[in-house]
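Mind docking chain B on chain A? Use the hints.
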Amino acid sequence: MDALAVAEGEAKDSSWFSDAVMIGDSRMDGFRMYSGVSEADYIVRAGMTVWEVAEEKRDIAMGGTKYSTYQVLGQKQYAKVYLSIGINELGYYNPTGYAETYGKIIDKARELQPNAQIYVMALIPVNAQVCRENGQRDYINNDLIWQYNDALVQVAAEKGVLILDPTPIFTDENGELSKELTSDGVHFKKDGYTAWKDYLLCHTGT
Amino acid sequence: MKKGFIWPLLLFVLLTSCGNGLEAAPYQIEDAKALIDQGAFSGALTEVDKEVVPLIYGLEDTAIKESVCYTAANSSVSADEVAVFVMEDAAGAEAAAAACRQRMEDQVDIYQTYGPDQVPRLEAATILQRDNTVLLAVGEPEKLPEALKELGLGE
Chain A
4 MDALAVAEGE AKDSSWFSDA VMIGDSRMDG FRMYSGVSEA DYIVRAGMTV
54 WEVAEEKRDI AMGGTKYSTY QVLGQKQYAK VYLSIGINEL GYYNPTGYAE
104 TYGKIIDKAR ELQPNAQIYV MALIPVNAQV CRENGQRDYI NNDLIWQYND
154 ALVQVAAEKG VLILDPTPIF TDENGELSKE LTSDGVHFKK DGYTAWKDYL
204 LCHTGT
Chain B
-10 MKKGFIWPLL LFVLLTSCGN GLEAAPYQIE DAKALIDQGA FSGALTEVDK
40 EVVPLIYGLE DTAIKESVCY TAANSSVSAD EVAVFVMEDA AGAEAAAAAC
90 RQRMEDQVDI YQTYGPDQVP RLEAATILQR DNTVLLAVGE PEKLPEALKE
140 LGLGE
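Top line first, the protein sequences correspond to chains A and B. The opening residue of the first sequence carries number 4 in my numbering; numbering runs sequentially from there. The opening residue of the second sequence carries number -10 in my numbering; numbering runs sequentially from there.
Chain A extracted, bound-state conformation:
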């Protein structure tokens, strides 16, 4: 994945996000809450999966009405589209199906946002012990995450989108999410989200 991921470059300031949309699950919702990035637009939902997005399920609440992810994405033009989806799909034990569906989402995003650079976020590992302590499901584990990432990276490369792999800033010597950065083994503490923001600002592909 290292060879395919966006290399570190000149750091931007947070105005970089002013024409960006961030799409994702609860980790991206946490990014919205705690990273300090208020400039971007967000299409987030805890529990989001690629299948619900691709099936155009109306589950994004805005002003008392529910919209599909695509409906919200189609309301405005962006220069950058960030996608971060995958933790909730682990329980399906289907990395191939996950990646194929993700590919369809990329295609649709490109159709709705023809001038935008699309970024796909690799799944960030979890911390096994903290997951256990917090009663996380067994399928939330790093073995599966690596399988899903392998499949995702292949599809992303074929689609010609930029791949972001913030794993190095999150993991300990064992390749697990650092205990100090996680609240429940899966989600991050505030420091984790600000570190994620800093990573994105240094990995823009420009």
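These aren't lab readings, by the way, just hints derived from the structure by calculation. Don't take every hint at face value.
Claimed, not checked - Partial selection, computed: residues in chain B whose CB lies under 10 Å from chain A: (1) Gly32; (2) Val66; (3) Arg92; (4) Tyr100; (5) Gln118; (6) Arg119.
Just so it is clear, the structure is predicted and the values come from calculations on it, not from any experiment. Using N, Cα and C, we set each Cβ at its ideal position, and we do this for glycine too.
This is chain B only, laid out in the frame that chain A set:
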């Protein structure tokens, strides 16, 4: 006025004012942290970035004088949340209270599948308005009412 008349008069004024049902003081931003410290919540609540608070509740930031929001960073195991809004006026507070109720509806919808054990506490959310201020609290249903009462934040 004779001196002997003053103290009984003062006592009369004091006693009658206590019985008049004076309104509770409006909520203050500091009330959120004080409530969290009462221990009626699960896990650590983290303060949400101030600029994001209006976005979360769908409020115009120009209508908000002050606000604070704390949510559970471990969202997969806790939907707990505390927020205080100080709005420009009572009408603004009514809008903020309505926004809080909508957020709770949306959260219940999400947690039906994401974390069903959190649904009861979302459905039992406390949303209170005092003049131009609003308090929202999602916590342990058995402990939250007492915690609010202890601090004089309840109904």
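Cut-off 10 Å, beta-carbon criterion: hint that Arg92 of chain B touches chain A: At about 9 Å, which falls below the 10 Å cut-off, the nearest Cβ of chain A leaves the hint on Arg92 of chain B intact, so it holds.
Agreement of hint Gln118 of chain B with chain A interface, Cβ distance less than 10 Å: violated (19 Å)
Evaluation of the interface hint that places Val66 of chain B against chain A, nearest CB under 10 Å: Hint on Val66 of chain B: holds, closest Cβ of chain A at ~5 Å, below 10 Å.
Evaluation of the interface hint that places Arg119 of chain B against chain A, nearest CB under 10 Å: violated (25 Å)
Minimum beta-carbon distance criterion (10 Å), Tyr100 of chain B to chain A: OK, holds: Tyr100 of chain B within 10 Å of chain A, min 8 Å.
Interface hint for Gly32 of chain B, Cβ within 10 Å of any Cβ on chain A: holds (7 Å)
Violation of the numbered hints given earlier is confined to hints 5 and 6; the remaining hints are satisfied by the structure.
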